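Taking the hints into account, I'd like the entire structure generated from these sequences.
Chains B and W supply the protein sequences, listed in that same order.
Each residue of the first sequence is one higher than the one before, starting from 0 at the first, in numbering that gives the first Met the number 0.
Each residue of the second sequence is one higher than the one before, starting from 0 at the first, in numbering that gives the first Met the number 0.
By construction, these hints were calculated from the structure, which means they are not laboratory data.
These figures come from a predicted structure and were not determined experimentally.
Think of the CB as a built atom: it goes at the ideal place given N, C-alpha and C, for glycine as much as any other residue.
Please note that a few of the clues may not be correct.
Not everything, but these chain B residues come out facing chain W in the computed CB check (under 7 Å) [what the hints assert, rightly or not]:
{"no.": "1", "residue": "T68"}
{"no.": "2", "residue": "Q106"}
{"no.": "3", "residue": "G125"}
{"no.": "4", "residue": "L141"}
{"no.": "5", "residue": "P270"}
{"no.": "6", "residue": "Y279"}
{"no.": "7", "residue": "T378"}
Below, simulated EDC-like cross-link-like pairs (lysine to aspartate or glutamate); rule was C-alpha separation at most 16 Å, straight line [claimed, not checked]:
{"no.": "8", "chain 1": "W", "residue 1": "K108", "chain 2": "B", "residue 2": "E126"}
{"no.": "9", "chain 1": "W", "residue 1": "K240", "chain 2": "B", "residue 2": "E168"}
{"no.": "10", "chain 1": "B", "residue 1": "K296", "chain 2": "B", "residue 2": "E339"}
{"no.": "11", "chain 1": "W", "residue 1": "K392", "chain 2": "W", "residue 2": "E332"}
{"no.": "12", "chain 1": "B", "residue 1": "K344", "chain 2": "B", "residue 2": "E397"}
{"no.": "13", "chain 1": "B", "residue 1": "K418", "chain 2": "B", "residue 2": "D66"}
{"no.": "14", "chain 1": "W", "residue 1": "K108", "chain 2": "B", "residue 2": "D128"}
{"no.": "15", "chain 1": "W", "residue 1": "K240", "chain 2": "B", "residue 2": "D166"}
{"no.": "16", "chain 1": "W", "residue 1": "K392", "chain 2": "W", "residue 2": "D339"}
{"no.": "17", "chain 1": "B", "residue 1": "K342", "chain 2": "B", "residue 2": "E397"}
{"no.": "18", "chain 1": "B", "residue 1": "K428", "chain 2": "B", "residue 2": "E397"}
{"no.": "19", "chain 1": "B", "residue 1": "K298", "chain 2": "W", "residue 2": "E52"}
{"no.": "20", "chain 1": "B", "residue 1": "K131", "chain 2": "W", "residue 2": "D106"}
{"no.": "21", "chain 1": "B", "residue 1": "K131", "chain 2": "W", "residue 2": "E272"}
{"no.": "22", "chain 1": "W", "residue 1": "K279", "chain 2": "B", "residue 2": "D166"}
{"no.": "23", "chain 1": "B", "residue 1": "K291", "chain 2": "W", "residue 2": "E332"}
{"no.": "24", "chain 1": "B", "residue 1": "K418", "chain 2": "B", "residue 2": "D69"}
{"no.": "25", "chain 1": "W", "residue 1": "K279", "chain 2": "B", "residue 2": "E96"}
{"no.": "26", "chain 1": "B", "residue 1": "K44", "chain 2": "W", "residue 2": "E272"}
{"no.": "27", "chain 1": "B", "residue 1": "K95", "chain 2": "B", "residue 2": "D215"}
{"no.": "28", "chain 1": "B", "residue 1": "K291", "chain 2": "W", "residue 2": "E47"}
{"no.": "29", "chain 1": "B", "residue 1": "K342", "chain 2": "B", "residue 2": "D294"}
{"no.": "30", "chain 1": "B", "residue 1": "K414", "chain 2": "B", "residue 2": "D69"}
{"no.": "31", "chain 1": "W", "residue 1": "K279", "chain 2": "B", "residue 2": "D128"}
{"no.": "32", "chain 1": "B", "residue 1": "K344", "chain 2": "B", "residue 2": "D404"}
{"no.": "33", "chain 1": "W", "residue 1": "K279", "chain 2": "B", "residue 2": "E397"}
{"no.": "34", "chain 1": "B", "residue 1": "K62", "chain 2": "B", "residue 2": "E420"}
{"no.": "35", "chain 1": "B", "residue 1": "K439", "chain 2": "B", "residue 2": "E225"}
{"no.": "36", "chain 1": "W", "residue 1": "K108", "chain 2": "B", "residue 2": "E129"}
Only some residues are given here: those of chain W computed to face chain B with a beta carbon under 10 Å [what the hints assert, rightly or not]:
{"no.": "37", "residue": "G22"}
{"no.": "38", "residue": "I23"}
{"no.": "39", "residue": "V38"}
{"no.": "40", "residue": "Q60"}
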Amino acid sequence: MLQAIFLYEWKLLLRNKMLLLALLLFTTIACISVNKGVRYYNITKTEADTVRVKSQQAYTKLKTAFDTTDFRMPEEASIEGVWMVDWSLWEYAIKKENPLSAVSIGQNDIFPKIKRTRFATEIFSGEQDEFKNPEQLLTGNLDLSYFILFLFPLLFIAISYNTASADKESGVQKLLATQGSGIKSIITTRVVFKWLISLSPVLVAGIVSYFFLHSDKNFITSSFLEWMLVAAVYAGFWLSLVLFIISRAFNSMINALTMVGLWLLLLVGIPGMLNSWFQYKYPSNAQQQITKLRDEKSKLYNLPLQQHKAFFKSHFSDIVVDTAKVDTGQIKWYSGAIMELQKEKHVYNTIAENVKAQTTKEEQLFWINPVGGVMRAFTSISSSSLQQQQDFERHLMEFKQQRADYLIANHASKKHFGKEEFTGLPLYKPAFHNKPTIWKYLLPISLLILLLGAGILFTDKKSTLF
Amino acid sequence: MQTIIKLTLTNAWRSRHLQIFAGILLLAFIISAINSVLVLKAKEQQFETARQEVRQAWLNQGPQNPHNAGHYGHYVFKPVYAVQALDNGIDQFAGSVLRLEAHAQNDPKFSPAESRTESSRFGEISFSWLLQVLMPLFIILLCFNAVSADSEQENLKLMAAQGISNKQYLAGKIASNFLVIALLALAGLIIQCVVIKSIANASSTTQDVWHSMAWFGVYLFYFFIITTLSVVGSAWAASSKNALLLQVAAWVLLLIIMPKLTANLGSQIYPMEQRTAFGKALRSDREKGIDGHNPRDERGKQFEDSLLKKYGVDSLNKLPVNADGLLMQADEEYANLVYDKHFARIRNLIQQQNSISKYASVVNPFLAVRNLSMGLSQSDYQHQLQFVADAEKYRRYLINNLNTKMAYGGSKTGDWNWSVDATYWETVKDFDYSRPSFSWSVQNYAFEAMMLLLWAIVAAFLFVFTAHKMKII
Chain B
0 MLQAIFLYEW KLLLRNKMLL LALLLFTTIA CISVNKGVRY YNITKTEADT VRVKSQQAYT
60 KLKTAFDTTD FRMPEEASIE GVWMVDWSLW EYAIKKENPL SAVSIGQNDI FPKIKRTRFA
120 TEIFSGEQDE FKNPEQLLTG NLDLSYFILF LFPLLFIAIS YNTASADKES GVQKLLATQG
180 SGIKSIITTR VVFKWLISLS PVLVAGIVSY FFLHSDKNFI TSSFLEWMLV AAVYAGFWLS
240 LVLFIISRAF NSMINALTMV GLWLLLLVGI PGMLNSWFQY KYPSNAQQQI TKLRDEKSKL
300 YNLPLQQHKA FFKSHFSDIV VDTAKVDTGQ IKWYSGAIME LQKEKHVYNT IAENVKAQTT
360 KEEQLFWINP VGGVMRAFTS ISSSSLQQQQ DFERHLMEFK QQRADYLIAN HASKKHFGKE
420 EFTGLPLYKP AFHNKPTIWK YLLPISLLIL LLGAGILFTD KKSTLF
Chain W
0 MQTIIKLTLT NAWRSRHLQI FAGILLLAFI ISAINSVLVL KAKEQQFETA RQEVRQAWLN
60 QGPQNPHNAG HYGHYVFKPV YAVQALDNGI DQFAGSVLRL EAHAQNDPKF SPAESRTESS
120 RFGEISFSWL LQVLMPLFII LLCFNAVSAD SEQENLKLMA AQGISNKQYL AGKIASNFLV
180 IALLALAGLI IQCVVIKSIA NASSTTQDVW HSMAWFGVYL FYFFIITTLS VVGSAWAASS
240 KNALLLQVAA WVLLLIIMPK LTANLGSQIY PMEQRTAFGK ALRSDREKGI DGHNPRDERG
300 KQFEDSLLKK YGVDSLNKLP VNADGLLMQA DEEYANLVYD KHFARIRNLI QQQNSISKYA
360 SVVNPFLAVR NLSMGLSQSD YQHQLQFVAD AEKYRRYLIN NLNTKMAYGG SKTGDWNWSV
420 DATYWETVKD FDYSRPSFSW SVQNYAFEAM MLLLWAIVAA FLFVFTAHKM KII
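Printed below as a string of structure tokens:
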């Protein structure tokens with residue numbers, strides 16, 4: 000029976016030129032979305048590689064200088080200055096590239112992925128930020144996740160809204176009722192067939208993206224499959240929703256309006272309302288905090304020298320300062336630098352806390368915004384979520400502290416910050432983060448699938464259709 | 000025609016699904032109005048507080064070397080206007096804070112989107128979004144069967160028997176449906192205005208009123224075009240079901256898919272320059288000269304020589320002025336040329352990327368309206384550029400002032416510990432952004448306005464053509 004229905008639907012599909020055209024159009028759009036993502040990923044990767052080469056060249060140059068300097072000439076001493084070493088390194092922290100960001104760009108086009116590790120460069124400085132076109136950011140990216148979230152349901156609705164109602168309206172249903180399998184089974188099989196057909200652009204785009212991305216050294220097949228599984232859960236949700244509406248036995252027009260209405264509600268209405276609320280409830284206070292930071296930092300150097308000395312002593316309790324090299328005036332600059340870093344960290348954490356509160360609230364609200372949960376799952380697998388950006392930045396803040404401590408401690412306590420000290424200089428390494436747990440984001444939509452499934456079963460007894 | 004209008008209005012009034020949809024729209028208008036005005040109010044307060052704090056910090060620097068003050072820098076903030084409650088355009092994605100400092104030009108930073116999660120990319124329910132995207136869907140639901148239903152129920156024959164011409168019939172249908180839409184949109188605008196007045200009373204000006212009126216006029220024009228197209232489409236459709244399907248498909252294609260496609264095409268045809276390449280080109284021009292044959296050292300040497308010659312002395316220490324201040328100013332002026340050259344390239348690229356959407360308004364009136372709406376709300380990229388240009392003008396005034404003080408304020412060359420007294424900072428005027436005029440805002444979108452006009456002509460032609468060709472029997 001299944002084979003017969005599939006064959007029947009297949010024949011109908013081949014005869015329907017409009018549908019074939021729509022499928023071709025959607026497959027093309029899906030492939031364009033993959034192309035957009037892959038192109039975006041390649042650009043960011045190339046930029047990261049360029050920066051890596053630049054960093055490596057600067058490091059080699061500085062290393063050669065330290066290898067050959069013996070500090071006998073007075074002018075050679077300038078090389079060992081704390082700020083000089085920090086500046087001359089030209090080292091960058093690069094957020095680990097994830098090829099799957101090509102299929103869900105998420106917030107990656109907004110967040111900076113490359114930042115200088117120089118401890119005196121504020122994390123907020125944005126000197127390495129890419130140029131952005133705000134109008135394009137407003138329009139959003141046409142990536143595969145967008146295609147799956149927004150366009151796949153529309154295609155599915157367009158080809159399946161009248162699966163049962165058209166038969167009923169044309170009187171074919173009575174004929175079907177005489178078949179042995181029962182109308183319910185026939186309609187379900189037909190909707191499933193149409194669902195599979197609607198998924199074909201996604202499948203093609205999935206294969207194309209695998210083809211483009213699998214050779215990347217950071218590509219993880221299990222993550223790709225996980226991503227696809229999230230897409231399948233989401234597609235499953237639409238299958239159950241459409242089946243449920245069809246089972247209510249409305250006419251074609253009401254079916255179409257209800258489905259489009261639900262699409263609007265789930266993908267535009269609810270997320271849009273919540274976003275508007277979040278914008279009001281959690282306003283970005285970053286700009287004020289950061290402008291204040293400048294003034295707070297400049298005031299640090301007006302503190303009494305005694306206070307600086309006491310701070311230095313407590314922060315570097317286990318080092319003995321080489322007083323022949325470092326005078327008390329210098330101590331003020333060292334302690335000032337560490338204090339600056341601590342202020343910066345404090346401001347960063349304050350901003351991050353505000354964002355974290357927003358993220359947590361959002362997660363709770365996935366129960367009324369299930370599509371938001373799917374989006375979060377996509378971006379979490381693709382390392383393009385806000386959470387992962389914060390992990391990257393927090394790690395960099397920690398590293399900056401480590402670098403400053405090392406440079407200052409070694410410069411202040413050793414006769415010279417020489418070859419040996421330079422060799423031991425901590426270099427930036429991307430943090431290792433555990434694989435994010437994404438299934439919690441999919442709980443609301445999974446529950447909805449179950450409820451809709453139960454609804455379909457219940458309708459069995461009530462509906463005039465099934 | 001009056002009868003047609005009366006009949007259509009009565010039907011619309013009685014239609015249950017239209018009542019529900021209109022109710023949802025009105026509710027969305029209220030929510031969006033309250034939200035956008037609250038956000039606007041918060042932004043206004045933030046702007047004013049930050050502006051005052053930064054000015055106070057500048058004034059309270061105390062005795063300080065002017066060049067240190069140049070590095071300490073200054074922050075300027077993009078002001079907020081009441082009209083932005085109607086359409087906040089690119090504001091979520093464009094930086095609103097610009098750091099002004101010696102030696103370098105910066106880009107505006109800290110866009111609200113930087114501290115938002117990926118869910119924010121679903122967009123917001125704003126008044127402009129409701130009018131741009133949701134209202135056309137409402138028009139489709141209202142008009143898709145305007146003619147086809149009469150045809151299916153054979154009412155057209157009755158009307159023809161009463162002596163109503165096709166033209167009168169179609170005009171009546173268009174006028175009555177447009178009236179419903181216009182009244183609903185007007186209700187939305189009144190809700191917005193009432194909320195703006197009651198919550199953010201102090202911030203609206205006469206210019207805001209002009210902008211709002213023109214803004215609303217654009218939308219009425221847009222609705223008129225869509226209403227006409229939808230009614231005409233209904234007349235050509237084989238059945239109401241087909242009319243609905245085709246019109247909803249057009250809505251999806253033109254309002255959901257096409258804006259993304261054009262934006263995507265823009266970035267593909269005009270790829271953005273990477274920061275590393277930009278930085279390299281900038282450094283090269285600063286070091287080697289814009290023409291590549293004017294190295295920085297040589298430029299400096301030439302300037303020093305010209306100073307010595309001008310004052311008739313043989314060393315910089317003997318100059319009656321501080322040469323450091325003059326050298327820094329000369330370098331600043333050269334850097335301005337370099338920055339202008341490179342930033343112009345980037346901004347031109349962005350304009351080119353956006354031009355694809357602009358030219359696509361030939362086939363999609365939504366894109367024309369979106370751009371006009373942002374422009375009239377002063378929340379578009381052109382206004383962002385205007386803010387950046389004004390801020391840069393101020394930076395040049397500020398740094399020139401500091402360097403001049405350094406040069407002629409009584410210090411000697413090489414005396415970096417010299418300080419100006421605390422009263423000096425008051426002599427430096429504060430940044431005062433001059434809001435672009437109404438006509439300036441409009442002239443940037445002449446093309447889009449023409450396209451809307453063209454669409455209106457096309458709609459009128461289709462109306463006449465349909466009235467001529469429509470078969471009653």
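Evaluated hints:
The beta carbon of T68(B) comes no nearer than 25 Å to any beta carbon in chain W, farther than 7 Å, and the hint placing it at the interface is violated. Interface hint status for Q106(B): upheld, as the beta-carbon distance to the closest one in chain W is roughly 5 Å, under 7 Å. The criterion of a C-beta within 7 Å of any C-beta in chain W is met by G125(B), whose closest approach is roughly 5 Å, and the hint holds. Annotation: interface hint on L141(B) holds; nearest CB of chain W at approximately 4 Å, less than 7 Å.
For P270(B), the interface hint holds, since its Cβ comes within 7 Å of a Cβ in chain W; the closest pair sits about 4 Å apart. For the restraint placing Y279(B) at the interface with chain W, the shortest Cβ-Cβ distance is roughly 5 Å, inside the 7 Å limit, so the hint holds. Interface hint at T378(B): satisfied, since its Cβ lies 5 Å from the closest Cβ of chain W, which is below the 7 Å cut-off. Of the supplied pair hints, the one linking K108(W) and E126(B) holds, its CA atoms being roughly 10 Å apart against a limit of 16 Å.
Restraint check: the Cα-Cα separation between K240(W) and E168(B) comes to about 12 Å, which is no more than 16 Å; the hinted pair holds. Of the pairs offered as hints, the one joining K296(B) and E339(B) holds, with about 6 Å between alpha carbons and a cut-off of 16 Å not exceeded. For the hint pairing K392(W) with E332(W), the CA-to-CA distance comes to about 12 Å; that is within 16 Å, so the pair holds. With a C-alpha separation of about 9 Å, the suggested pair K344(B) and E397(B) falls inside the 16 Å cut-off, and the hint holds.
Restraint check for K418(B) and D66(B): the C-alpha separation of about 6 Å stays at or below 16 Å, so the hint holds. For a cut-off of 16 Å, the pair hint linking K108(W) to D128(B) stands: about 10 Å separates their Cα positions. Distance hint between K240(W) and D166(B) is fulfilled; the C-alpha atoms sit about 15 Å from each other, no more than 16 Å. For the hint linking K392(W) to D339(W), the alpha-carbon distance of about 12 Å falls within 16 Å, and the restraint holds.
Taken as a hint, the K342(B) and E397(B) pair is honoured in the structure, with Cα atoms around 13 Å apart against an allowance of 16 Å. A distance of roughly 12 Å separates the Cα atoms of K428(B) and E397(B); the hinted pair therefore holds under the 16 Å criterion. Distance check on the hinted pair: K298(B) and E52(W) sit about 15 Å apart at the alpha-carbon level, within 16 Å; holds. About 10 Å separates the Cα atoms of K131(B) and D106(W), which keeps this hinted pair within 16 Å; it holds.
Straight-line distance between C-alpha atoms of K131(B) and E272(W) comes to about 10 Å, which keeps the hinted pair within the 16 Å bound. For a cut-off of 16 Å, the pair hint linking K279(W) to D166(B) is broken: about 67 Å separates their Cα positions. Distance check on the hinted pair: K291(B) and E332(W) sit about 29 Å apart at the alpha-carbon level, beyond 16 Å; violated. Straight-line distance between C-alpha atoms of K418(B) and D69(B) comes to about 9 Å, which keeps the hinted pair within the 16 Å bound.
A threshold of 16 Å between alpha carbons decides the hint, and for K279(W) with E96(B) the separation of about 23 Å lies outside it, so the pair is violated. For the hint pairing K44(B) with E272(W), the CA-to-CA distance comes to about 14 Å; that is within 16 Å, so the pair holds. For the hint pairing K95(B) with D215(B), the CA-to-CA distance comes to about 13 Å; that is within 16 Å, so the pair holds. In summary, the hint linking K291(B) to E47(W) is supported, as the alpha carbons are separated by about 14 Å, within the 16 Å threshold.
Our distance criterion of 16 Å between C-alpha atoms is met by K342(B) and D294(B), whose separation comes to about 11 Å. A hinted pair counts as satisfied when its Cα atoms are at most 16 Å apart, and K414(B) with D69(B) qualifies at roughly 12 Å. The suggested pairing of K279(W) with D128(B) holds, with an alpha-carbon distance near 14 Å, which does not exceed 16 Å. Distance hint between K344(B) and D404(B) is fulfilled; the C-alpha atoms sit about 15 Å from each other, no more than 16 Å.
A distance of roughly 29 Å separates the Cα atoms of K279(W) and E397(B); the hinted pair therefore is violated under the 16 Å criterion. Only pairs whose Cα atoms come within 16 Å are accepted, and K62(B) paired with E420(B) is accepted, the gap being roughly 11 Å. With a C-alpha separation of about 14 Å, the suggested pairing of K439(B) with E225(B) holds against the 16 Å cut-off. Taking the CA atoms of K108(W) and E129(B), the gap is near 12 Å; set against the 16 Å cutoff, the hint holds.
With a least beta-carbon distance of about 13 Å to chain B, the hint placing G22(W) at the interface is violated under the 10 Å criterion. With 10 Å as the threshold, the beta carbon of I23(W) comes within range of chain B, its nearest partner Cβ sitting at about 9 Å, so the hint holds. With its C-beta approaching chain B no nearer than about 5 Å, V38(W) sits inside the 10 Å limit, and its interface hint holds. Interface hint at Q60(W): satisfied, since its Cβ lies 9 Å from the closest Cβ of chain B, which is below the 10 Å cut-off.
In this structure, the hints that do not hold are numbers 1, 22, 23, 25, 33 and 37, in rising order.
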